[in-house]
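Starting from the known structure of chain A, arrange chain B on it as the hints suggest.
There are 2 protein chains.
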Amino acid sequence: MIEDKNQQRTSLSELGEFGLIDHLTSNFKITQKSTLKGIGDDAAVLNFDKKQVVVSTDMLVEGVHFDLSYMPLKHLGYKAIMVNLSDIYAMNAMATQVTVSIAVSNRFPLEALEELYSGIENAAKIYNVDVVGGDTTSSTSGLIISVTAIGEVNKNEEVFRSGAKPNDLLVVTGDLGAAYMGLQVLEREKEVFKVNPNNQPDLEPYTYIVERQLKPESRKDIVALLKSLKVKPTAMIDISDGLSSEIMHICKQSDVGCDLYENKIPLDPQVITTCEEFNIDSTTVALNGGEDYELLFTISQDDYPKIKGNPNLSVIGHITEPSAGIHLVTRADSRIPIKAQGWKSFGD
Amino acid sequence: MIEDKNQQRTSLSELGEFGLIDHLTSNFKITQKSTLKGIGDDAAVLNFDKKQVVVSTDMLVEGVHFDLSYMPLKHLGYKAIMVNLSDIYAMNAMATQVTVSIAVSNRFPLEALEELYSGIENAAKIYNVDVVGGDTTSSTSGLIISVTAIGEVNKNEEVFRSGAKPNDLLVVTGDLGAAYMGLQVLEREKEVFKVNPNNQPDLEPYTYIVERQLKPESRKDIVALLKSLKVKPTAMIDISDGLSSEIMHICKQSDVGCDLYENKIPLDPQVITTCEEFNIDSTTVALNGGEDYELLFTISQDDYPKIKGNPNLSVIGHITEPSAGIHLVTRADSRIPIKAQGWKSFGD
Chain A
760 MIEDKNQQRT SLSELGEFGL IDHLTSNFKI TQKSTLKGIG DDAAVLNFDK
810 KQVVVSTDML VEGVHFDLSY MPLKHLGYKA IMVNLSDIYA MNAMATQVTV
860 SIAVSNRFPL EALEELYSGI ENAAKIYNVD VVGGDTTSST SGLIISVTAI
910 GEVNKNEEVF RSGAKPNDLL VVTGDLGAAY MGLQVLEREK EVFKVNPNNQ
960 PDLEPYTYIV ERQLKPESRK DIVALLKSLK VKPTAMIDIS DGLSSEIMHI
1010 CKQSDVGCDL YENKIPLDPQ VITTCEEFNI DSTTVALNGG EDYELLFTIS
1060 QDDYPKIKGN PNLSVIGHIT EPSAGIHLVT RADSRIPIKA QGWKSFGD
Chain B
760 MIEDKNQQRT SLSELGEFGL IDHLTSNFKI TQKSTLKGIG DDAAVLNFDK
810 KQVVVSTDML VEGVHFDLSY MPLKHLGYKA IMVNLSDIYA MNAMATQVTV
860 SIAVSNRFPL EALEELYSGI ENAAKIYNVD VVGGDTTSST SGLIISVTAI
910 GEVNKNEEVF RSGAKPNDLL VVTGDLGAAY MGLQVLEREK EVFKVNPNNQ
960 PDLEPYTYIV ERQLKPESRK DIVALLKSLK VKPTAMIDIS DGLSSEIMHI
1010 CKQSDVGCDL YENKIPLDPQ VITTCEEFNI DSTTVALNGG EDYELLFTIS
1060 QDDYPKIKGN PNLSVIGHIT EPSAGIHLVT RADSRIPIKA QGWKSFGD
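First to last, the protein sequences are chains A and B. Per my numbering, residue 760 is the first one in the first sequence, and the count goes up by one each step. Per my numbering, residue 760 is the first one in the second sequence, and the count goes up by one each step.
Same shape as in the complex, but just chain A (with noise of 0.2 Å):
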């Protein structure tokens, strides 16, 4: 929320289409074995050899899904590539390449696309990506970014949100909703900014959880660790848009049902305490919240012993039988049914 009045400002029609994609993509570089070819032909040719292809795809608009007068240009490019590396992480696959695509509107100097281009380049360099095609061109109003992102994984390793099982463990990494506390923190600061531009904010007490929503990282780490572990889940799926939405998806498309203990639900010290200060409920925060980005996922129980005492892993729940339905158990064991709320991007 600090703007610097003297930076530079490079409009963006002095370069011309060509010019601007040369100048955003002359830094990147190819790493991947499986990319022959990256950006500057009709199309990025690309050799899996006999691995198999994973390819999702994201996109992030100004005004729905970011906030610029929080959000730094450099954090967003990097969370727009996480965003997607998250899905396929979440087939148990490794990501390889992405393609990007921008529309941006003239009000943003060469500059702010640099910044933007610099964090999606810190992003592909630390999780090993290529940046192998993209589009940049003009829009009529507002930032927006499209992602593709492409993984290989090799036959029979691929994990579908399709195969959980009744009384196979539910398992999550990481901890939830602080992506949506940090939210909350950098929202009521915008409206404290906007009353009294001089008051700089003090997000001191709140740096977890504003990372978490600002930098978020996607679980690479975890389909590492599940291969050194010998662990293939039987079903898995990134939290996107909240803990109950994805349980949802895994037990509607894997046919079964589930219980979700609320006392297991991993949560930050600095979410609590959020909450606490929000008057907000933390449980409903972590099922609801959304934008976490990390993994959730079903074990058989034989593997229990692999994954027990992981920090990185907390058993959350169970599987059941599909007419026992998907519940969550209080901490004062009343079993209440979860429903999916999700991120209503259409909502009016």
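Don't take each hint at face value.
All copies of an identical chain are treated as equivalent in the list; a pair is satisfied when it fits inside any one copy or across any two copies.
For lysine-lysine, the following DSS-like pairs were computed, each having C-alpha atoms within a straight-line distance of at most 30 Å [as the list claims (entries may be wrong)]: (1) LYS979 / LYS949; (2) LYS953 / LYS884; (3) LYS991 / LYS833; (4) LYS809 / LYS986; (5) LYS796 / LYS991; (6) LYS833 / LYS1011.
To be clear, the hints were calculated from the coordinates, so they are not data collected in a lab.
Chain B only, in chain A's frame:
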């Protein structure tokens, strides 16, 4: 430009995000052997065995790439797929899958999106590609469509922009400039309509050029034709920005020059008459109009007998040493340097 005021309008917010995606994609059939899993999980799963994979992406933005006052949504869906498949065919590859992401404002009712998707479905069916993924989200204004196309090509059969050699022949498919002149006619009729909404346009004399603008095809047939003729182009590109811009790309990336003969450029009679009517030079239109989605390629002179006389193919020039530069040889036999105009997306 004829609006049915009684059409049914179902608000997008009634369905919610998941309901909307399910509803719009329920008709999509999987036909490609390489598609193991389509829509419905975190990612699609594909298997190309030993074939190479080609990937390309393009974004269409309302108010920049299309005007809904004369572009029917069904055609727009069709065109969005064509634009992307064209890039795959330009690699001498066969398109196999697409992902489609759409951002749309609440002003569009469900019925409008159904129209759009029926065009997408139609294109996928005719060109035999599977729709394997996508994202549907809201936008703060207007409609944005982002498509990623995936294709397959045998090793060593892919054709880049960079392989043209001096003395190669420059060949173009179909005819040029029609899409641009179709746009001029539609823009003129829009202005007439604004002044007098009861004045129904007579587009009969412009059927071909208007269709080239509103419902272009991509040249899948040419990839098959070249294969059957046993001709592998030395370089290839699709014509999206205009002939001059694409020639510049081939020459730059192949490090060669080119002589293009004005009198060889294929023009439909309707383009010629409409250019006369609008008092525009038809060569300028062919060079800079764009959106033709024809293929431009170079072949070795040895292959000339194989393509000679084919009604789909016109030899329009030849490749020269780089020092000779890139020129249009006019009907009056003067040599004019070619400059890329292209389509300036970021023009003020």
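Do the hints match the structure? See the list:
1. LYS979 / LYS949: Cα proximity of LYS979 and LYS949: none, with 33 Å in one copy and 52 Å across.
2. LYS953 / LYS884: The answer is neither: 37 Å in one copy and 52 Å across copies each exceed 30 Å.
3. LYS991 / LYS833: neither (35 Å within a copy, 43 Å between copies)
4. LYS809 / LYS986: both (19 Å within a copy, 25 Å between copies)
5. LYS796 / LYS991: Close across copies (19 Å), not inside one copy (33 Å); limit 30 Å.
6. LYS833 / LYS1011: For LYS833 and LYS1011, the Cα distance exceeds 30 Å both inside one copy (37 Å) and across copies (32 Å).
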